[in-house]
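Engineer: Residue numbers (the numbering used here), protein chains in the order written: chain A, 1 to 168; chain B, 1 to 291.
No lab work stands behind these hints, which were simulated from the structure alone.
Idealized CB from N, CA, C, for every residue including glycine.
Heads up, none of these hints are tricks.
DEER-style ranges, computed between Cβ atoms: (1) A:Ile114 x B:Ala51: 37 to 47 angstroms; (2) A:Arg52 x B:Ala66: 16 to 26 angstroms; (3) A:Asp113 x B:Met1: 33 to 43 angstroms; (4) A:Asp67 x B:Ala104: 40 to 50 angstroms; (5) A:Asp103 x B:Ala51: 54 to 64 angstroms.
If the Cβ cut is set under 10 angstroms, some of the chain A residues that face chain B in the computed set are: (6) Leu55; (7) Gly116; (8) Ala120.
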Amino acid sequence: MTSVRLLGALLLVTGGFLGGRACLAEYRVRVITLRALTASLARIRAEIALCRTPLPELLSSEAECTDGRVQAFYREALRRYGEEGRFRTSWDGASELLRLPSDARAVLVSLGDILGRYDAQTQEDALLHAENLLERCAADAENDRKQRGTLYAKLLPGLSLAAAILLW
Amino acid sequence: MSETARFASAAAYLPEAIRRSALALPEELRARGEELHLRLGYPPSVTIDGAERSFHAVPVKEADLARALELATRSSVHTAMDSLREGFVTVPDGHRIGVCGAAAYTERDVLSLRRVTSVSIRISRELRGIAEPVFASLERMGGAGGTLIVSPPGLGKTTLLRDLVRLVSDRGTRVSLIDERGELSSGMFDTGAHTDVLCGIPKARAIPMLLRAMSPQLLAADEITARADVDAMEQAVGCGVGLLATVHGRSLADIAARPALEGLVQKGAFGRAVFIDRAGKGRRYRTEVIR
Chain A
1 MTSVRLLGAL LLVTGGFLGG RACLAEYRVR VITLRALTAS LARIRAEIAL CRTPLPELLS
61 SEAECTDGRV QAFYREALRR YGEEGRFRTS WDGASELLRL PSDARAVLVS LGDILGRYDA
121 QTQEDALLHA ENLLERCAAD AENDRKQRGT LYAKLLPGLS LAAAILLW
Chain B
1 MSETARFASA AAYLPEAIRR SALALPEELR ARGEELHLRL GYPPSVTIDG AERSFHAVPV
61 KEADLARALE LATRSSVHTA MDSLREGFVT VPDGHRIGVC GAAAYTERDV LSLRRVTSVS
121 IRISRELRGI AEPVFASLER MGGAGGTLIV SPPGLGKTTL LRDLVRLVSD RGTRVSLIDE
181 RGELSSGMFD TGAHTDVLCG IPKARAIPML LRAMSPQLLA ADEITARADV DAMEQAVGCG
241 VGLLATVHGR SLADIAARPA LEGLVQKGAF GRAVFIDRAG KGRRYRTEVI R
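Use the sequences and the hints to build the structure in full.
Structural biologist: Structure follows, in structure tokens:
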């Protein structure tokens with residue numbers, strides 16, 4: 001009976017510890033994704049400014065030179081565009097894969113309304129604006145990681161330990 | 001590529017529902033299709049043998065025109081902004097997509113088309129060998145250099161020019177081809193073994209570049225309209241380069257009535273004109289000496 005209790009307590013504490021780590025990791029990935037996305041938009045802006053590169057080619061090149069969720073986003077956008085031939089819906093649909101906070105997601109969706117539909121200068125301006133907003137989102141996400149992420153990383157194992165003791 | 005395949009490649013720039021109707025036309029009509037038209041509030045139509053006929057019951061909506069433009073620019077209007085200001089987009093298969101609507105202006109220039117009301121897809125053709133009788137006739141008159149191809153819009157000036165360039169080039173003449181709108185070569189038409197193509201640059205800028213870089217024996221260009229084009233061509237004539245060009249018109253009188261062209265003719269830049277007329281379902285070519 002004691003060994004079953006011990007096992008249950010161990011599982012509870014381990015679960016709490018892993019939950020805390022996963023929570024911290026998610027906050028970290030969110031920061032990395034936002035920064036990678038901002039850098040990617042800057043590359044797209046430069047390509048449009050200097051070479052007037054078509055958007056499907058930009059999606060393709062970004063799918064090659066990024067990784068993680070940003071790469072998954074560009075690959076999905078490119079796949080959808082290949083099927084539908086509609087940029088905005090492809091962009092919006094794929095953006096779910098980034099799992100961004102709502103404010104950052106809104107920035108990306110509004111960018112989808114402008115990319116490919118206006119002259120190069122208007123798109124450059126929109127991209128620069130989006131980059132600035134996403135940088136702010138990344139800074140907020142970094143603060144969240146430091147505060148909430150660390151809190152959850154400590155709180156969840158602590159709570160699970162307390163629960164184990166109480167249930168013993 | 002067959003005529004029906006070219007029609008299908010042009011129809012690919014139509015919105016999906018309209019495209020299905022276009023592709024459901026009888027094969028014989030698709031093979032003879034010259035242009036596809038979308039006009040806001042009216043059913044889409046196709047030009048066959050110079051006459052338009054509707055092929056889809058539902059009138060065109062603004063969303064259809066926006067969709068056609070999205071397909072034409074591959075969702076990247078910025079890649080075609082300069083040519084859109086001139087009223088057209090050229091797509092990879094060489095089709096020219098004309099766009100009409102309400103323009104937005106800056107103080108000096110057209111900024112963009114604020115509202116698109118018409119889209120017209122001119123189906124490009126490669127009729128290989130079509131220029132052979134004209135070429136033979138020009139050879140008897142001293143060669144293809146110094147030739148103007150004259151016809152009203154839509155009768156095949158560009159198609160004839162492309163095939164003439166191929167024939168001249170394949171016989172060893174070094175030809176520089178100015179393909180301002182990407183219609184003449186578009187990477188898929190045969191323009192000959194000795195042809196250098198400069199694409200997407202206005203003629204007035206392209207001609208000095210080609211004279212400096214490619215030392216052409218013959219300079220070929222489509223649709224001379226602007227004064228600046230004519231000035232650059234005069235420069236080429238001064239360098240001893242032969243000219244082969246197309247111009248809108250019906251007769252020698254039309255050419256003579258254009259002050260810009262008059263100077264070129266007087267300098268002997270153009271000694272011959274090839275006129276294109278509609279003859280039943282085909283075309284008739286007539287070569288005349290310009291005096």
